[in-house]
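*Asks:* Fit chain B to the given chain A structure using the hints.
The primary structure of each chain is shown beneath.
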Amino acid sequence: MHEAVSVGAPAGERPRGSATGDPVTLEIIRGAIGAAQSEMEALIERTAISAFIREKKDFYTGLFDADGVMAVGSMVPVFGDMTGPVLARFPAASMRPGDVYWYNDCYGSRGAVSHSNDQVLIAPVFCDGARVAFVMAWAHFADIGGLRPGSISPDATDIMHEGIIVPPTRLIDAGATNEAALAIFHRNSRYPQQSLGDMKALMASVELGVRRVEEIVRRFGVSTFGDALARLLARTRGVVRQRLAATFDYGTHRFTDAIDSDGHGAGPFKLRLALTRTRQANGEDRFVFDATQTDDQSFGPVNFLMNPGVPGMALGLYYLGGDPAQVCNAGGPQALDEVLLREGSLLWPRFPAPLGMRGLTMMRVLAALNGLVNVAGGGAPAAHSAYVITIMRGVFRTAQGALQPFLLADGIGVGYGARPFADGIDAVYFVAQENYPVEFLEQGYPVRLREYAVAIDSGGPGRRRGGCGIVREYEILAEEALLAIRIDSVKNPPWGIAGGLCGGVGSATVNPGAPDERRLPPLSDGHKLRHGDILRIVTGGGGGHGHPFDRPPDEVLEDVRGGFVSLEAARRDYGVAIVDDALDPAGTAALRRVRPAAKAFHRGSYVDELL
Amino acid sequence: MSTNSSEAALTVAVDIGGTFTDVALRDDASGRVWRAKTPSVPSDPSQAFLAGVELALRAAGREAAALGRVLHGTTVATNMILENKGAAAALITTAGFRHVLTIGRQDIPRRANLYAWVKPPRPVPASRVFEVRERVAAGGAVLTPLDEASVRAAAARCRALGVSAVAVCLLHAYANPSHERRTAEILAQELPGVAVTASSDVLPVVREFERSLATALNAVVTPGVATYIARLEQRLADLKVDAPLLLMQSNGGVAGAARIREAAITTALSGPAAGVVGAREAAAECGVDNLITVDIGGTSADICLIEKGRIGLTQSGHVGGWPLPLPMLDMVTIGAGGGSIARLRDGALVVGPESAGADPGPACYGRGGALSTVTDAHVVLGHLPASLLGGRMRLDAEASRRVVEETIARPLGLSVEAAAQGVLAIVDNNMMGALRVVSVERGRNPADFTLTPFGGAGPLHGCALARLLGVSRVLIPVAPGVLCADGLLAADIKAEFARTLAQADVVDMGAAHAIFAELEAKAEAWLEAERIPAARRSFARAALMRYRGQGGEVATPWRDEAAALESAFETQHRGLYGFTLDAPIECVTLRVEAVGAVGAPPRQTAPRGAGARPAATHPMFVEGRRIAAPVYDRATLGAGDRFTGPAIVTQLDATTLVHAGWRAEVMANGALLLVDESSAEGMRA
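Protein sequence lines correspond, in order, to chains A and B. Numbering of the first sequence is given in our numbering, commencing with residue 68 and proceeding in unit increments. Numbering of the second sequence is given in our numbering, commencing with residue 124 and proceeding in unit increments.
Only chain A is shown next, with the shape it has when bound in the complex (with noise of 0.2 Å):
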């Protein structure tokens, strides 16, 4: 039986704020909090001893109101509602100085966390004994134990697959750290040196997080902090709300997207997301999310348990823009007024489902919420591909001759789509996650790398195009070594919109070129790699925007000497003639009097509706 989970916030937890109020503390408590945020982030990259958060830097921290509500995130649309879990298994009036709470549970966080790598440790802040605020660090830890090293896996068919759970617990006691607990969660990684230190650098930010707020709170005074903070989500909802109002009518827009596969042999697995605008009697709006009628939960690991916060962050962050005075908060979640999922679906999956490969739904659901806008006539980007990873686990030799395990999950990014005023972005993962240097990597993992650059052709033709994705080749130096990938997005590629054609598709392929020539399934794990063999790995671009034979035909030849663009694509698709690294005007001229008649979205070819 499938039931709607309904959760949106109930009129109770509106923001108390008024817009109006004293702007000048405002922005300096804003200010005070973000110059808190960058302190406990560059603690934990500075100190942190695994590769996964200094290196790739996956982490981020967060800073909430004394009932808990997100004030100040990071600028991810990731992040639900993160202290509801610990609230919900310790009340508030429980909690002490000194206190700091720590989970990974998904489903015991209703998707708060969307996989298990991920660790949440969360501190209440007290001023005069009152509890003021709340701070969090998270970061993805390297191994948590599980099926496989790394702990995700497109193997994993059960979240016991995928790691050690740690639901909402109080690590430390007033000040007295529970040792066991850790001890425990140490004793289940197969790198606990790295969770050790991990863990000591995540402690300390909180531990930072906290005294700084505290200072905040002491000089401004409870009340006026409360205040500022409650402002800050009036604000966020507001702007947002304002900005939801002037694209969607009243009425109801729909979109699909679809993931191809959960490497179990089952897919597509369409995403149906509905957005209905009403009046109320009192002549409020009413704005309700709806993605009941997404497709079933899967047997692999490509669930994506999506806290109710996800749509409102997204849909926020996208409405926000680049205006750096605009604060990324629950004030996004809270501008709908109801979002509607469907226990079993994709998108809320019951337990025990497997989680580890959420990221590539997550981002697939992006890409369908910018579907949504544009449906409703709004200006958000064409769609992205799904960032890839590629995870090897193996043995090498080191120069003593000893033989030596390594975990090596790499990162690759992807091109994004392209935007009304703008080209896609080329070659990037995701917001605030960098790559293994090809320098890095050498010195301390037993691969070379042969090529990583743009794969040529990938960006969505457009009058902008769609980012280009990357060619990332290794030559594997270890003894042996399992591999597991993860790309989407090759049988349903990033739609380009408004005349823009689809991004380009990712590829593996082991030792191309050569005899035993292998492609590997896009979303699979157990593929042996053996001292020697090439990794060839392709990643998807973005869709374009607007008609191709609109893009001037320099921007077009300049694509084309950099590499992004090949001399054959540019004449069939963009019309563009180029003779001898020169445009050819009259070649170009000729081309683009047969212009293709185009249609809404661009998926392998123009439809009307992407369905």
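It is possible that part of the hints are untrue.
[Claimed, not checked] If you want the footprint, here are the derived chain A segments under chain B, 3+ residues with CB under 8 Å:
id	segment
1	268–279
2	388–395
3	410–419
4	479–493
[To be verified] When the alpha-carbon atoms are kept at most 20 Å apart in a straight line, the in silico DMTMM-like pairs for lysine to aspartate or glutamate are as follows:
id	chain 1	residue 1	chain 2	residue 2
5	A	Lys595	A	Asp583
6	B	Lys617	B	Asp324
7	B	Lys242	A	Glu106
8	B	Lys208	A	Glu625
9	A	Lys558	A	Asp390
10	B	Lys242	A	Glu625
11	B	Lys242	A	Glu622
In case anyone wonders, no lab produced these hints; they're calculated from the structure. Since we're looking at a predicted model, the values are computed, not measured. Beta carbons are placed, not taken as given, at the ideal position from N, Cα and C, and that holds for glycine.
*Replies:* Okay, now just chain B, sitting in the frame of chain A:
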């Protein structure tokens, strides 16, 4: 004044700002300083350079031939990067890695919005990146020998494009630079007149994107900087000056023109460095060696902490959004200055980082500025006199009131004064965030430091910032608006010589000593070339260390015993981050800081004061009402003079605002010390 000074050497320092070029000329025997100011000539900065030097010489009644050293700080490289107006350059890289610059670190920045962010254009576009066949492994071993034909082919393409500079950055060249060196050699042969830069010379550290970027930026600025230096040298030759030209670098020291031509990028972060050195000297003259400097100009504020007279170095600098991991003074820069624009956005009052610049500038400049700036807020509150620059520039106070009223006060329902106070409160708090970064966040208690504001707008904010930070002493140098020229006079000759180990590892004392010996030999050779006598040379060894696995290193002063070195590292780690780890400690980079000290001239003293007398009064808004605040002319104040705030102190190059509750005293060297009367120190006196 001595009469035989015509035989002693003179040192001249020239600092070129956006509006004015400031010159300080010093008689090294007596220590006497003459100053000159002349309008800058943006189209040819060397014109103002020459005019300023001539003016100063005339003021001193001396001949150009008496000049012993010519010191100069230039922002030519910085501006080329910020304005994207550098030379058309090419980048040569290892086959397969053409798009390292394009990809960057493959991130959308942490504070950016993924829907709105646009990847900035690279200093060298992908269309001008060419690959050569070669490969060096992580440890430095050659996997594929350099294919010289591919280098010549790349040179041919550079020639066809007509580039004026070429950067070379090959994989793992920090561990083995032989391929890079050979590539650069061939390019130099094939491309006469083209500046060739190799990454192993510019920044020999691991991580290909950051190293490629630094090398590309160096290539982009080299032709412009070389042309500029040549023009200056010609101007000096025309004046019959036979003295070395020394330029300020990002590390706070100066270096000869020959070295700057090789590594022009080392000047890119030098803009704020001279002022910090000047502030250190000004404070030292007053016996103050723990200070926090705040240099506030029109668009930005640079903040730096000096402990026991030492200015720290960092390798995490940025220029125009690009990371540039070259040794630079450890300072924080924020987009807050006198020209910062205050505006409402979606109901939020925001100040900066946009600036009205010099043109149109603040509304009170009367050049058509229609937006409220920080300077306008000061004018509304009566913090600035009716005119600046000794009466040459009148301020339009009505224009300030009008824009603050229209753009802020009325929409927010505030009085004009309350709106102006709000603007200042926000900008002061923004700066306080940066002040905390260099102090509290690094384990220092600001109360142990003296705040030293300078720059045209610094002394207006000294008392407010000190109060916010819990600092009770503010020191205003003699010439806060032209401190950069003083800093140039005081700067040592300085360079860092570093070697990143091919593989980070636990410290091997034997190997380390061999590397240090090699680095010190290079450093000696350079100081020899700079004509520094042996007695004035000094070398400081440091190791950049971390726990195995960490991403950030801590610069640790060298110790000859491994245990002592490790314990020094752990002490610093605990101080910075609050914990230590039970993990192996490894060394990443060894570094030698080479210094050629300049002699300290005799110190100047200010004439004894006859008691502070206000020259005028000015209506100032203090605690809700208008009062007639005394205005002191700094030229009439003498050593020992005292007065209390609220007050304004005017001088040619800056205006000092003394808040109510603060006491001012003129020090022996003429500096102004402000003390918070509510502090323990203030109560004592």
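*Asks:* If you draw a straight line from the CA of Lys242 of chain B to the CA of Glu622 of chain A, is it 20 Å or shorter?
*Replies:* Holds. Lys242 of chain B to Glu622 of chain A sits at ~16 Å (cutoff 20 Å).
*Asks:* Holds or violated: Lys242 of chain B with Glu106 of chain A, Cα cutoff 20 Å?
*Replies:* Violated: Lys242 of chain B and Glu106 of chain A sit about 25 Å apart, past 20 Å.
*Asks:* Are Lys595 of chain A and Asp583 of chain A close enough, with their CA atoms no more than 20 Å apart?
*Replies:* holds, 13 Å
*Asks:* Taking only the CA atoms, is the gap from Lys208 of chain B to Glu625 of chain A under or equal to 20 Å?
*Replies:* It holds: about 19 Å lies between the C-alpha atoms, which stays within 20 Å.
*Asks:* In terms of beta carbon proximity below 8 Å, does the segment 268–279 of chain A have 3 or more residues touching chain B?
*Replies:* Since three or more residues must qualify, the claim that chain B covers the segment 268–279 of chain A holds, with 3 doing so at under 8 Å.
*Asks:* Holds or violated: Lys558 of chain A with Asp390 of chain A, Cα cutoff 20 Å?
*Replies:* Since the Cα atoms of Lys558 of chain A and Asp390 of chain A sit roughly 36 Å apart, the hinted pair is violated (cutoff 20 Å).
*Asks:* Measure nothing beyond the straight line between the CA atoms of Lys617 of chain B and Asp324 of chain B; if it is 20 Å or shorter, mark the hint as holding.
*Replies:* The given pair, whose Cα atoms are some 17 Å apart, holds under the 20 Å limit.
*Asks:* With a cut-off of 8 Å between beta carbons, are at least three residues of the segment 479–493 of chain A near chain B?
*Replies:* holds (count 8)
*Asks:* Given the hint that Lys242 of chain B pairs with Glu625 of chain A, does the C-alpha gap stay at or below 20 Å?
*Replies:* The given pair, whose Cα atoms are some 16 Å apart, holds under the 20 Å limit.
*Asks:* Within the assertion that chain B covers the segment 388–395 of chain A, do at least three residues meet a Cβ-to-Cβ distance smaller than 8 Å?
*Replies:* It holds: at least three residues are needed, and the segment 388–395 of chain A offers 6 whose Cβ sits within less than 8 Å of chain B.
*Asks:* With a cut-off of 8 Å between beta carbons, are at least three residues of the segment 410–419 of chain A near chain B?
*Replies:* violated (count 0)
Checked against the numbered hints given earlier, the structure breaks hints 3, 7 and 9 and satisfies all the rest.
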